[in-house]
Structure formats: structure tokens, C-alpha cells
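Participant: Put together the whole structure using the sequences plus the hints.
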Amino acid sequence: MATVKSAPSASIAVIGSSLAAIAVIHLGYSLCLNQRKPKKDEPTVQVSLPQWAIEYEQSLQSAQDFQSDQERIRVAIELSHRNVQNQTGGPFGCAIFERSKKDGTCRLFSVGVNRVVPLCNSTLHAEMVAIQYAQKKLRSFSMKQAGDTSSAESSDADGKEYLLYTSCEPCAMCLGGTLWSGVSELVCAATKDDAEAIGFNEGPVFDESYKQLEAAGVKVKRRVLRNEGAAVLQEYGKVGKIYNAS
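In the working numbering, the protein residues as written are 13 to 258.
Hints listed in this document are in silico derivations from the structure and should not be mistaken for laboratory results.
It is possible that part of the hints are untrue.
To be verified - Ranges between beta-carbon positions, derived for each pair:
| no. | residue 1 | residue 2 | range |
| --- | --- | --- | --- |
| 1 | Q82 | V129 | 16 to 22 Å |
| 2 | T56 | D77 | 34 to 40 Å |
| 3 | K49 | Q82 | 39 to 45 Å |
| 4 | A257 | F218 | 16 to 22 Å |
| 5 | V57 | D115 | 37 to 43 Å |
| 6 | D53 | D170 | 40 to 46 Å |
| 7 | E54 | D115 | 40 to 46 Å |
| 8 | A184 | S71 | 29 to 35 Å |
| 9 | G211 | P55 | 30 to 36 Å |
| 10 | V129 | P216 | 39 to 45 Å |
| 11 | E220 | E54 | 37 to 43 Å |
| 12 | K49 | A209 | 40 to 46 Å |
The structure displayed is predicted, hence computed values, not measured ones.
Backbone N, C-alpha and C fix where the C-beta goes; we use that ideal spot for every residue, glycine too.
Facilitator: What follows is the structure in C-alpha cells.
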């Protein structure tokens, strides 16, 4: 009898926990969907990609499956190279890929390039730009939350995860942004030392910083095609503006 009496309360607890979990999952969408439009005279901040970057991203949309780290990191490196060639920002590029948890197919989802000098905004590093565009598309402040929700809302839907590839190891700011973005993997080409060798100050980034990411569930791979990423930095070091120099 004791077991029978306790069953309803246990069921209620389980149902309550489930409802709470669903509420948390949908909170990000609610907050994003209910954002009001700025008033006419209200100050706004502009974040934009160069036209060539938009066209480059569009040219890769037909490629439905980027299977290897090398394929994906080359997109980020190419973005950094073109940003230097077109004089539209610093020598850094980032690409975020969406991978199906069901069958492993991986497609390009968002791109970013460094826009600090052209847009007079010290926060517009390539990673931060790519993260902002990805979250805008998902209408959620967490890519993990959005990816989990896609599978939770329908038994037929694939769960998604998001992978961030960057032409150079992130600075202190971008490591923090990566942590909070909800990506499941971070893959880097050139190193902090490569960036600082041409004069950039990457801030307080240590091996322990990456351990913190991994402890939070973010897989980290570094020095993938490092030489190709470093070559872009060296090219920029000869002709470009080094802001926030060390």
C-alpha cells in the first residue's frame, strides 16, 4: 500500500521535471522570438559581412557534406585569405558547420571574418561574427539548445550539433564566446604564437583555457593545417594594420 500511495507523487514529480525541462528548452526561443524592433531613432550596432563573403558562403551551400576536418578548416582559412586580399578586415576567418546527429552529414551553416577596423568595433572578430550570424539564423542564444530542441520537438527530426572552425586559435574574448555559444567542437589552424609573431595581442589564453572548454563538453582540436593558416597571417603582417598590438 505504501508503494501505491507514493506512486502518484512520484509521477507528479517526474511530470513536473519534464515540464520544467521543456520550459527551459523553449526559453531561448521565446526570448529571441519576442524581441521588439528598435525604435526609429534608437541607437543600433551594425554587424555586416563583405559582399564577397556572402557570395562565397552561397557558393558552398550546394555542398551538402563536409566530411573531414581538413575540408572544413580550409573554408575558414580561405575566408581569412580573401579578407586580406579584399582589404575588408583582419586576417582571420571562421566557419560554423551544422552536423546531423542521425547520419553525420555536415553542411556549412554560418561564416564570419574579422571586421574590427572597417566597422570600428573591437568585438567583431571572425568567431564572434560567425557565432552571431548562426544564432540569428537559429533564433536562439545557444546553438546546443537549438540543436537539442530540433530533435525534442519531433521524433522525425534529426538532432543537430554545431562545429566551429577558425583560421587561428581564438583570442581571450573569442574563447569566452565559444564557451557560451553552444558549439560542440572547436577546431583551429594557426596558433596564438603565429598571431602574436606579427604583432597581435591575443590576451590571457593558456593551455588551461582549452581544458576549461573540454570540461564544459566542447571538443578541441588545434593546429589542423597550421601552416596554411599561419601563411595568411604572415601575408597580412607585411601589408595590414595591426590593431591592439602587443
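Participant: Each hint needs a verdict: does it hold in this structure or not?
Facilitator: Quick rundown of the hints versus the structure:
Look at Q82 against V129: about 30 Å separates their beta carbons, and that is not inside 16 to 22 Å. For the pair T56 and D77, the beta carbons lie near 37 Å from each other, so the given range of 34 to 40 Å is met. For the pair K49 and Q82, the supplied restraint of 39 to 45 Å holds, since their beta-carbon distance comes to about 42 Å. Taken as a hint, the range 16 to 22 Å holds for the pair A257 and F218, whose Cβ atoms sit roughly 20 Å apart.
For the hinted restraint 37 to 43 Å between V57 and D115, the CB-CB distance of approximately 38 Å keeps it satisfied. Distance hint check for D53 and D170: the Cβ-Cβ separation is about 44 Å, which falls inside the suggested range of 40 to 46 Å. Distance hint for E54 and D115: a CB-CB separation of about 44 Å, consistent with the stated range 40 to 46 Å. Separation of A184 from S71 is about 33 Å and conforms to the stated range, judged on CB atoms against 29 to 35 Å.
G211 and P55 have their C-beta atoms about 32 Å apart, which keeps the hinted 30 to 36 Å range intact. V129 and P216 have their C-beta atoms about 23 Å apart, which leaves the hinted 39 to 45 Å range violated. Roughly 41 Å separates the CB atoms of E220 and E54, a value that falls within the hinted 37 to 43 Å. Between K49 and A209 the beta carbon distance is about 45 Å. The supplied range of 40 to 46 Å therefore holds.
Checked against the numbered hints given earlier, this structure breaks hints 1, 10; the rest are met.
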